[in-house]
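Protein chains in written order, with the numbering used here: chain A, 1 to 255; chain B, 1 to 416; chain C, 1 to 235.
Hints in this document: simulated from the structure, not taken from any laboratory.
Every value quoted in this text rests on a predicted model; they were computed, and no experiment measured them.
Where a beta carbon is used, it is the ideal one built from N, C-alpha and C, also for glycine.
Any given hint could turn out to be false.
Quick look at which bits of chain A chain B covers, simulated, 3 or more residues with Cβ under 8 Å [what the hints assert, rightly or not]:
1. 48 to 61
2. 163 to 175
3. 178 to 190
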Amino acid sequence: MKKIIKYVIIDILRSRIVIGFTLFLLLLSTSVFLLEDNSAKGILSLLNVVLIVVPLVGILFSSIYVYNSAEFLELLVSQPLRRRSIWLSIFLGLSVSLTLSFLVGAGLPILFFESSATGLLMVISGALLINIFVAIALLITSLVRDKAKGIGVVMLLWLYFSLLFDGIILFLVFQFSEYPLEKALIGVIALNPIDLSRILILLKMDVSALMGYTGAIFKDFFGTPFGIIFSAISLFIWIVIPVWLSVRRFNKKDL
Amino acid sequence: MARTFGRVIILFFLFSAFVKNTFAITIVVDAKGAVSTITRAFEIANNGDTVIVKEGVYKEGNLTINKSITFLAKGKVTLDGQHKYEVLSIKASNVWIEGFTLINSGVSSIVDMGGIKVYEVKNVTIKNNVLIDCFFGIYIQHGKNCVIKGNTVTAHTKIEQDNGNGIHGWKSDSLLILKNTVSGHRDGYYLEFVTNTTILNNISENNLRYGLHFMFSHGNFYINNSFINNGAGVAVMYSRAVKMYNNHFSKNWGDASYGLLLKELNDSYIEGNEFENNTVGIFADGATRVEVRKNIFRQNGWAVKMQANCMDMHLENNNFIANSFDIGTNGSLVLNTLKKNYWDKYEGYDLNKDNIGDIPFRPVSLFSMIIEQSPPAMILFRSFMASLLDKTEKILPSITPEGLKDEMPLMKPNKL
Amino acid sequence: MIVVEDLVKRFGRQTVLNNVSLSCRVGDCIALIGPNGCGKTTLIKSLLGMVVPDSGLISFENEPIKRHWKYREKIGYMPQIGRYPDNMTIGQVLDMMIDIRKSSSRKLDEELVEAFGLNDLRQKRMRTLSGGTRQKVSACLAFMFNPPVLILDEPTAGLDPLSAEILKEKIQKEKAAGKLVLITSHILSDLDELITSIIYMQEGKVVFHKGIETLYTETGCDRLGKAIAAIMRNS
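Bound-form chain A, shown alone (with noise of 0.2 Å):
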């Protein structure tokens, strides 16, 4: 296994793609701190980045990159190697070379511009976020065979958690604004992963606000270590889930 992760891993960086992500990334939190007067604007902007383009690019390429890697699973799965060893180096090997490329191309410039505990927890969960997105790119590429078609549900997928998805939460905290819903908000909530890194960001980054005004969900839920705990678990299924749902797939794929 760990054979097929170095290999993957060598093939991810020989496409230059991951290290020209890493360069754009690198380029953009640099300048983005060194052209802002106070270091929150900059964070801020960096927020973005990595709650919008980051999950986007995890997805995007992990699923392209699957798709063109068709001959060399073909290739592996013809040997005596265990399914589940290929399908998960494959993982590994996306998820390390991402994970690396974000942290040297963004997590670096953020600690060393804002090293504070809003930065750390920023450089961890866009962490956590590539990961989440190769897996579920994972995920589709398991189940969908075509790759126009399958990079089209990725696409959606990706539009769906950054932008959709709160719109429908904005629609249902009007529509039943009566009810208390602060607690069922924390259920949908865990159901997003971006959302769910935002407002663990959020909670550092905001926290004047955010222990003020809609007090109980902030304070009571997400402010407590319950809270963290629970957000935190629940990235970690957002990665767990899909990565498994797709070993299985991939276990009766034909090839």
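Please build the complex by placing chains B and C on the supplied structure of chain A, with the hints as guidance.
Leaving out everything else, chains B and C in the frame of chain A:
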């Protein structure tokens, strides 16, 4: 000539009063000495005498001073109210109290027992005392020209009705409250019907309710005080001609918590203050003719919330930095002005390089209006969708108040 | 050595393998033949675990292969169209496969690598290779690990005559060494000298599985091509 003569006469009488004082005696209270209790010392003392208490713990129930004496502690002198009595009552003018540790006053729901309570007298100085777990700390009732300086007042109970205010003034005039520290009380500093008073260089932190709370108290100065992490921040109500300069308000968190709550405040000045990490920096409800200038608002949830019932509030030359929201409001009526403030969220340009942005800045975001209507929507704060909504609103304002804008936003922060 | 019982595989509504049963012994050299789309490649892929059958049983050395993978150490597979990661060079592909499959007990068989002269092409990227060169890489990989079973899908298609001859000699040699060889091919003339028995498939079914001598006697032909043609005419 006649007037000068009159002044000399007055000076002579004043001088003779001092001469009389030099004949005053000093009584030393010592458990092993001739005068072993403070009560006894107060009995034998005359106006102008000095009572010095030697180190020890004194449990003598209520101590009442009804002569003009100087009352000093030598070493650590603890006066214990044993949770039953008001520790020290002052019922004479011209009293000086310095250096005592007063603990455990009684708690009563009928009378406001204090650690030190001043009853309807003048010229009392209360200096460098430590008050621990008293119901009220220092209580000035109908006092005038009193000085409260360098005291440390602390309470530990978390039950609000068993906990009075740290320094409490009622119907008093011309007090000087200086360099005190109050923590753990219900309100740190409470003033009601107190006028012409200066509150300078004090600290108020971790109090259960307000760090500073005053009502119907006109013409007071609040300068260079720190209000940190109090339950509900600072509340300023039904007062006029108040001047608040260079104070520091921070970490006042909670859903009814404000750095500074202005309720029906008129003709006042709020200048050079620093508001940091508060849920709301300034909450203005029914404030009229209030000048808010040269303040710094940093990392607050809302820097300023102005209800639509405020009139003629002028926000000028303030710096708004890293707040979640800069301005919040609950209606579309705007009778207040914003001018020459620095907003770090401002994205305009300055073609003529005069440091004033060429397009106005609208500090009220659409999303803040949405939250105002439906608080749970806060869960979407800083989401992609929320920023899209804000961007659209910036281009086509439809819901946010049209009139609430800074026509002359600064490109660089004011130097404060 | 390989036993297949009642194998069924459907792709969607189409039944590709319909109750296929057969058995192959050590030392056999079997030709798997039949018209295009008769299920040859699917059958081979099933043997390799690349296609998961809907029902039926495949056992390798008396062990069902379902959910197993170790048995593939004993199989060398040469696919019909060799597909490899585009960005890798020939050298890297060979090294990677050696790295993945290497076991200390068996020696590497690099005869074909030398015979095809692949060592001179090690720096070439896979995407730049012609179909024939890819086939050579596939062939090398199939024989490299000295497996007791060889499964070759259209081995000579796309090879130049010289290379095809090299490959045939290699197959002959391995057969002589007592290996089970399973070949599919359209070019029947290629197989004449090699094979010991024939499996003929049509529309997902095994029509017959006979020794070559039996076949020649039954049809009265002495060439494989003619014998098959005779059978197809009769059916």
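Evaluation of the provided hints:
| no. | hint | in the structure |
| --- | --- | --- |
| 1 | 48 to 61 | holds (count 3) |
| 2 | 163 to 175 | holds (count 7) |
| 3 | 178 to 190 | holds (count 4) |
The structure meets every hint from the earlier list without exception.
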